[in-house]
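Student: In order, the protein sequence lines correspond to chains A and B. Position one of the first sequence corresponds to residue 1 (this note's numbering), numbered consecutively onward. Position one of the second sequence corresponds to residue 1 (this note's numbering), numbered consecutively onward.
Honestly, the hints are just simulated from the structure, not real lab data. Note that the structure is predicted; figures quoted are calculated from it, not measured. Heads up, the beta-carbon is just placed ideally off N, CA and C, and yes, glycines get one too. Accuracy of the hints is not assured; some may be wrong.
Straight-line distance between alpha carbons at most 20 Å, and here's what the computed DMTMM-like set of lysine to aspartate or glutamate pairs gives [stated by the list, open to error]:
no. : chain 1 : residue 1 : chain 2 : residue 2
1   : B       : Lys-70    : A       : Glu-109
2   : B       : Lys-70    : A       : Asp-78
3   : B       : Lys-70    : A       : Asp-113
4   : B       : Lys-77    : A       : Glu-105
5   : B       : Lys-70    : A       : Asp-75
6   : B       : Lys-77    : A       : Glu-81
7   : B       : Lys-70    : A       : Glu-112
8   : B       : Lys-77    : A       : Glu-82
9   : B       : Lys-70    : A       : Glu-82
10  : B       : Lys-70    : A       : Glu-81
11  : A       : Lys-5     : A       : Glu-37
12  : B       : Lys-77    : A       : Asp-78
The calculated label-pair distances, taken between Cβ atoms and stated as ranges, are [stated by the list, open to error]:
no. : chain 1 : residue 1 : chain 2 : residue 2 : range
13  : B       : Lys-139   : A       : Gly-108   : 46 to 54 Å
14  : B       : Ile-46    : A       : Glu-47    : 44 to 52 Å
15  : B       : Cys-205   : A       : Thr-10    : 42 to 50 Å
16  : B       : Glu-125   : A       : Lys-27    : 51 to 59 Å
17  : A       : Glu-47    : B       : Gln-54    : 34 to 42 Å
18  : A       : Leu-114   : B       : Ile-46    : 47 to 55 Å
19  : B       : Asp-55    : A       : Glu-47    : 33 to 41 Å
20  : B       : Gly-65    : A       : Glu-109   : 24 to 32 Å
21  : A       : Ser-14    : B       : Ser-100   : 23 to 31 Å
22  : A       : Ser-52    : B       : Thr-47    : 47 to 55 Å
23  : B       : Thr-206   : A       : Lys-27    : 45 to 53 Å
24  : A       : Glu-109   : B       : Glu-229   : 54 to 62 Å
25  : B       : Lys-70    : A       : Ser-14    : 30 to 38 Å
26  : A       : Gln-121   : B       : Lys-70    : 26 to 34 Å
The primary structure of each chain is shown beneath.
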Amino acid sequence: MTDLKISGSTSTPSIECTLHPTRVHMKGDSYPENAFELYQPVLQWMEAQLASAGELTMDLELVYLNTSSVRIMMDLFDTLEEAHKRGCRVAVHWYYDVRNERVAELAGEFREDLTLPFHIQPQG
Amino acid sequence: MNVTGDSEKRIESLLADPAYADHPLREPLAQLYRQFQDQLRQLDRITRISDRYQDAARSEASSLGERLSKQLRQVEKIARISDRYQSMLRELNERLEHESTHDALTGLANRRLGLARLAALIAAEQAVSIALIDVDNFKRINDAFGHEAGDRALVGVARTLRDPLGGADLVARWGGEEFLLIWPQIELATAIQHAHALRQAVGACTLGIDGSVLRCSASFGLAQRHDGEGVDELLRRADAALYAAKEAGRDRVMLAR
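Build the full structure now, drawing on both the sequences and the hints.
Tutor: If you want it as structure tokens, here you go:
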């Protein structure tokens with residue numbers, strides 16, 4: 001198991017999955033042509049990490065997501081939620097720019113139905 | 001069932017009774033009874049299997065139903081979140097659109113929007129009059145009272161020019177201390193009246209700065225579009241009239257030739 005880094009572009013976020021600390025960090029906008037292709041390695045990395053380390057923190061600084069990215073994010077959160085129910089130590093921190101409160105509202109929509117620790121925090 | 005149970009017991013005891021061991025009906029009855037028992041067992045088995053199939057089908061249907069409703073909830077959530085992202089983008093677009101066509105300081109249309117409006121009127125061959133306006137001695141205000149005072153003066157002039165008494169369809173910040181006014185479908189005489197009224201209003205405005213009272217004035221170069229005239233030529237004539245107003249001593253309206 002190694003770190004996973006995917007550099008961002010104007011239509012995709014930069015993604016960093018690190019082992020120490022066990023963390024997934026995503027920053028930017030996400031409207032890739034093929035969201036599944038982009039996020040599949042991330043999902044696999046997360047699943048493997050949850051199985052071996054049993055802990056994972058997700059730090060998100062995402063602004064715009066297209067529909068397929070929304071879908072994938074829900075899958076990532078479901079994976080974390082299942083791990084949380086198994087007893088893994090997981091947490092999500094979703095940071096948003098105070099000048100764009102709508103991002104916080106959207107993060108709140110994602111948080112609905114989840115029981116894992118999910119913090120929506122203003123930044124800047 | 002009890003009736004069957006009772007007759008079964010009776011037949012079993014009759015078949016077991018040695019008194020009837022040689023009865024000619026005993027053997028056919030015993031055979032019939034065995035067949036009956038076999039069929040009963042068969043029926044039981046079929047019923048049991050069939051019940052299990054029904055159970056399996058029912059639980060599969062209910063788990064399909066659960067999965068379906070879970071997926072429906074998920075799709076609804078995706079759609080809801082996605083819709084909100086779209087409206088966020090739309091609002092952002094509107095804000096960018098506004099920012100790209102308006103001046104941040106005065107809130108007026110910027111040069112780009114002013115030019116676009118003028119070009120649209122001219123493309124539609126509409127009668128139009130315009131004025132280019134320049135705040136007099138603006139550099140002196142800036143030098144004497146600072147840029148902040150200069151900005152406040154520009155905001156004050158902008159507010160005055162936008163006043164309905166000026167009758168302008170559009171007021172744009174044309175450059176540093178220059179403004180453009182557009183009056184479509186207007187008699188030249190009326191445009192001149194409006195320009196004079198605005199010039200007086202600008203002169204009547206005062207701005208209190210550090211205890212002293214600042215008074216502005218502005219020069220106006222007014223031009224009415226000639227038939228067939230393009231944007232550039234109309235603006236050039238208005239600019240020449242503005243220059244003439246400055247040359248003649250400022251704080252006045254000059255009509256383009």
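Student: Going through the earlier hints one by one, which of them does the structure break, listed in rising order?
Tutor: none
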